[in-house]
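Protein chains in written order, with our numbering: chain A, 18 to 255; chain B, 66 to 189.
Think of the hints as simulated: they come from the structure by calculation, not from any bench.
Quick caveat, the model's predicted, so the values are computed rather than measured.
We treat Cβ as the ideally placed atom computed from N, Cα and C, and that holds for glycine.
Be careful, since some hints might not be right.
Simulated coverage check for chain B against chain A, where a stretch passes if three residues somewhere in it have a Cβ under 8 Å from a Cβ of chain A [to be verified]:
(1) 107-114
(2) 131-143
(3) 148-159
Computed footprint of chain A on chain B, listed as stretches where at least three residues anywhere in the stretch have a Cβ under 8 Å from a Cβ of chain A [to be verified]:
(4) 67-78
(5) 89-101
(6) 164-176
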Amino acid sequence: MADEIVDIWVYLSATPLLWLAATFIVFQGAIWLNARLGSNPVLHPVLLAMAGLMLILLATGTDYDTYFEGAQFIHFMLGPATVALAIPLYDHRREIRALMMPLLVSGVVGASTAAISAVGVAWLLGADRLTLLSLAPKSVTSPIAMGVTEKLGGLPSLTAALVLITGSLGCILAPPLIRLLGIRDDKVKGFAMGLAAHGFGTAQAFGISATAGAFAGLGLSMAGVITALILPLLAGGI
Amino acid sequence: MHALPGISLILLCQLAGETFVQLLEIPIPGPVVGMLLMLAGLVWHGAVPQSLRLVADTLLRYLALLFVPAGVGLMVHFELIGRDWLAISLALLISTALAIAVTLLLLNLLLKRNTSRGGERDGG
């Protein structure tokens, strides 16, 4: 009996099916757990799922390459998801056209601030070059950030984690900053949250108002495009 | 509902973006160029086809799941993170706070100026 189970395990662990299914099932479990913990942004389902899968891989002695054989089918969808970001951007075309210059200027300055200050602080503290390259696009939505890191020669998986932590931090930091700076315009609140904390910030902005949510989506898309266009050209300096 | 035309359109834009990037040898992710092509196409067409909206909504709703496989790859870099954890933590904290504050202040200022200028124009 035990031998048969070992045989089945040996067979299954060599097919993509096992780790593809595991990724879906663990993610499903992570969503359930996060909801039970009161939808806390610090314990985002993605962070929980990552931790859970890493524990399973370490416990079963499976290396990452074997895992990725199966998980690559999910990973591939990041490209199409990036293309799909054009749809919310198109939906907001009227607001964009009306407020083109203010949004563009704030977008470029905000996105540059995020990238330059992150790399600057880490550089001052003596971080590795690979860390610096992976830090640069961390404010941007994951599919774009990982694409940018890959182009820069950093570690896309490190960027994926940094992006998620940035999102959680943004949700914690935005409300006190908004109060401190006395910002009342929901358009401004939303745009800043989407720009600095991508999808996490956007989800939180929808909790403020629909306008804040729409502008957060706009901030997210603009930060993504601006960072993808500017960062690879600046990265020669790192 | 037909998801097929939507999937084809998205993959076509991604393929075109990837080709564009390879051809011109520019260091921008191919899918980002694909997104810009898709946006241009939508503006030209004047509406989002229903099938495309269906596929895009589904993809974006489950966006979080899509970065799990790469995120698990962190386990390969534990050593690097262990060495740089303080730099990484401080960099994330400071840069996120700065980015939010700068964007809040700048856009607030620009929008106020925009409305007051618009008001003057309306007024005379």
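Hints and how they fare:
As drawn, the segment 107-114 of chain B meets chain A at 3 residues by the rule of a beta-carbon pair under 8 Å; at three or more, the given contact holds. With a threshold of 8 Å between beta carbons, the proposed coverage of the segment 131-143 of chain B by chain A holds, since 12 of its residues qualify and at least three are required. By the rule of at least three residues with a Cβ nearer than 8 Å to a Cβ of chain A, the coverage given for the segment 148-159 of chain B holds, with 10 such residues. Judged by the Cβ-Cβ criterion of 8 Å, the segment 67-78 of chain B is covered by chain A as claimed, because 4 of its residues qualify and three suffice.
Judged by the Cβ-Cβ criterion of 8 Å, the segment 89-101 of chain B is covered by chain A as claimed, because 10 of its residues qualify and three suffice. Requiring three or more residues with a Cβ within less than 8 Å of a Cβ of chain A, the coverage given for the segment 164-176 of chain B holds, as 12 such residues are present.
Violation of the numbered hints given earlier is absent; every hint is satisfied by the structure.
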